[in-house]
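Using the sequences and the hints, build the whole thing.
First to last, the sequence lines map onto chains A and B.
Residue 146 in my numbering sits at position 146 of the first sequence; the count goes up by one each step and never skips.
Residue 383 in my numbering sits at position 383 of the second sequence; the count goes up by one each step and never skips.
Among these hints, one or two may not hold up.
Intra- or inter-copy, both count: the list cannot distinguish identical chains.
Stated by the list, open to error - Straight-line Cα separation of at most 20 Å, PhoX-like style, residue types lysine-lysine; simulated pairs:
1) K340 - K104
2) K19 - K340
3) K63 - K51
4) K411 - K244
5) K45 - K161
6) K336 - K109
7) K221 - K199
None of these hints come from the bench; they were simulated from the model.
Listed below, chain by chain, are the residues.
2 protein chains.
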Amino acid sequence: MEENNFLDLAKKAKAASKKIATISTEIKNKALLNIAESIKNNSNKIFEANKKDLDEAKILVEKKELSQSTYNRLKLDENKMRDMIQGIIDISNLEDPIGKVLLKRELDKDLVLSKVSCPIGVLGIIFEARPDVISQISALAIKSSNAVILKGGKESINTNKSIMEAIQEALAKTEGFPNDVLTQVFSRDDVKNMLSMDKYIDLIIPRGGNSLVKFIKENTKIPVLGHADGICHIFVDESADLEKAKRIIIDAKTQYPSACNSVETILIHKDFKYPSELLKALEDSDIELIATPESWHKEYSDKILAYKFVESLDEAIEHINEYSSGHTESIVTENKENAKIFMNSIDSAGVYHNVSTRFADGFRYGFGAEVGISTNKTHARGPVGLEGLTIYKYNLEGNGEIVKDYVEGKKSFCHKDLV
Amino acid sequence: MEENNFLDLAKKAKAASKKIATISTEIKNKALLNIAESIKNNSNKIFEANKKDLDEAKILVEKKELSQSTYNRLKLDENKMRDMIQGIIDISNLEDPIGKVLLKRELDKDLVLSKVSCPIGVLGIIFEARPDVISQISALAIKSSNAVILKGGKESINTNKSIMEAIQEALAKTEGFPNDVLTQVFSRDDVKNMLSMDKYIDLIIPRGGNSLVKFIKENTKIPVLGHADGICHIFVDESADLEKAKRIIIDAKTQYPSACNSVETILIHKDFKYPSELLKALEDSDIELIATPESWHKEYSDKILAYKFVESLDEAIEHINEYSSGHTESIVTENKENAKIFMNSIDSAGVYHNVSTRFADGFRYGFGAEVGISTNKTHARGPVGLEGLTIYKYNLEGNGEIVKDYVEGKKSFCHKDLV
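In structure tokens:
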């Protein structure tokens, strides 16, 4: 799309964001249920479109231009379709994150301040070959009253178009739902345009691999919600229980090795009594062990694990704060004091004691939905639920009050919290 | 400073940020009281340093290379010194924003998730000729357990150095307070270095005029907390009370015209009954009125006010959402329904009904301290208190729990909130 056309589209999305900001919870939920139904009714069409993408992808896999795992992620089957539809219904059942009164304070008699949650505005979503992202993100955006511009991977273009058609069909018949809330774009130039339009796009959410996220973070001034790396650590303290250490590390490394919350490096206290038993148990679970300094920086996303012996708890903390990507770290210890020091001193989104790093997940935390996992130090950190798609504004209700009276001492503030 | 030296300094600040993250409220408050005392004890030295800056500034004012208002802001007198010291003591009396439990949830028996407030890390502060900023920001950073790199205006370099010496003297004698929490840099290159070191600096806070803030926002990938423009609007609705409209607009324009929350444009409903009375009252208050479209974009910071007649509430809302900088807007109306529509539809940090826009201020809101005013759509918006210098992390305490058991259905989550 040409830059000017994209600009028009971005302006329309901005205008739509003001409209969806004011519609009722009922209309939003009705829209979500209509989408779920429309996707169900159009599932044959969607499967056909997906088959077209898969046929083209198969040729690329044969030519070794596409990995088998990308092909697998691309494939929609009955199970994924059912989960996709149920996911939308689940979001319709969540509490509306918009319009919550976060603070209500009497500044003076008849002068009342309210801090109210509101949508961020326009989200830019850039995702790779998973076509189920499109319905999930659309549903999250609608529930949180944000407009969205979506750019999916080219491998799933037919599936994405087909799902978006079903969504738009549902929105068109939802009374009171504004136009232009959801827009899909397709080209590489559109990504470039999206990243440059900080006047119209308020937040970028990348859903994909490290290199996509890194590229986006390097090329935009718009806030980006996400994480590039997931270099998670487990520290086996002097007093660690051997069985817990085994269980936790094996789970964190093998239960789903390509997940961002999988462990990449374990640090073992030099006075831990069973180092060889531990390492042997890991190898017996098909984990390849590596002990070179080059590995401290690496996210293997595979059954490969770096390990290092450390002199002390302090050295473990320093190593983690130096090499971690700020995602999730865990200490295995029976010493509560050490656990406390570890949890206070580590600067990561998740800091755990005696549990697997794999728990870092919005659903496991009970958020009901997950927008993504953030390693940012502002706005939202860790697994992000619907709340991460909101901000707030301050409303002030009065009866002709002016600042002069307070500056001159004729009136004074009482600052009495009402909520 | 050379880039390599700045890098060393930034690394030291990062290391210091990990240390200050774990010290007690008592040590932080003791440090603040020591700073207040040290500034008091060193006030003669500080006045002398300020005189040196003022002598040099005077020459620049005579050469018309510096404005009289900058000169006035630069000048420290007994009153400003007293306010500066009291400001630090006030911050020591505020609640500690760190270590607050924001959520505590049992995910399963013996598996407890806590969301705990924590510092952001390293703040980069870039400020212009007001030397009182240095003690205020230092105090806010200490209270919120962040490290800071400060770069002040060159006009106040002697005053800044002298205040920082008093601060460092106080910190050195505060038992348990880590080194390198506060660092001051001086050159233009240091600003460039600061803006480029997104690996070490987590948040930039500019304190100064529009052009400084715009320059910073254009030249860094680090999140910036602040506002470039303050183009605030007041809409005089059809049913507005004439006297309230006069009072509110005169206050919002004349009480402190160079403040960012001063009004720049008023919109008047075409059916408002007293337009000429209103405009005459404004002119009688020495307000210069302008009615050209070029003025919609302008922040005059002076007793100049743009005005425009609109056909409807909707047109007023559209105009504001198009031209506002997202700071603060107010509607003057006796029609509660219109007030509600306005407050819901306007996408600004502050949306008011029948009050002056000048109320947009952290102290007036009762925050006890103000870090600045933000027009961002993420993290912190509107007047920002100490809370804006914090983020959170998730702690998870368990007893050997692994994700495999939950995925395979051997165990299940209960998600019971404990706080």
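Quick rundown of the hints versus the structure:
1. K340 - K104: Only across copies: K340 and K104 sit 16 Å apart there, 35 Å inside one copy, limit 20 Å.
2. K19 - K340: between (47 Å within a copy, 15 Å between copies)
3. K63 - K51: Within one copy only: 18 Å inside a chain, 76 Å across chains, cut-off 20 Å.
4. K411 - K244: Only across copies: K411 and K244 sit 17 Å apart there, 63 Å inside one copy, limit 20 Å.
5. K45 - K161: Within one copy only: 11 Å inside, 70 Å across.
6. K336 - K109: The answer is between: 18 Å across copies meets 20 Å, while 50 Å in one copy does not.
7. K221 - K199: both (10 Å within a copy, 16 Å between copies)
Violated hints: none; the structure is consistent with every hint.
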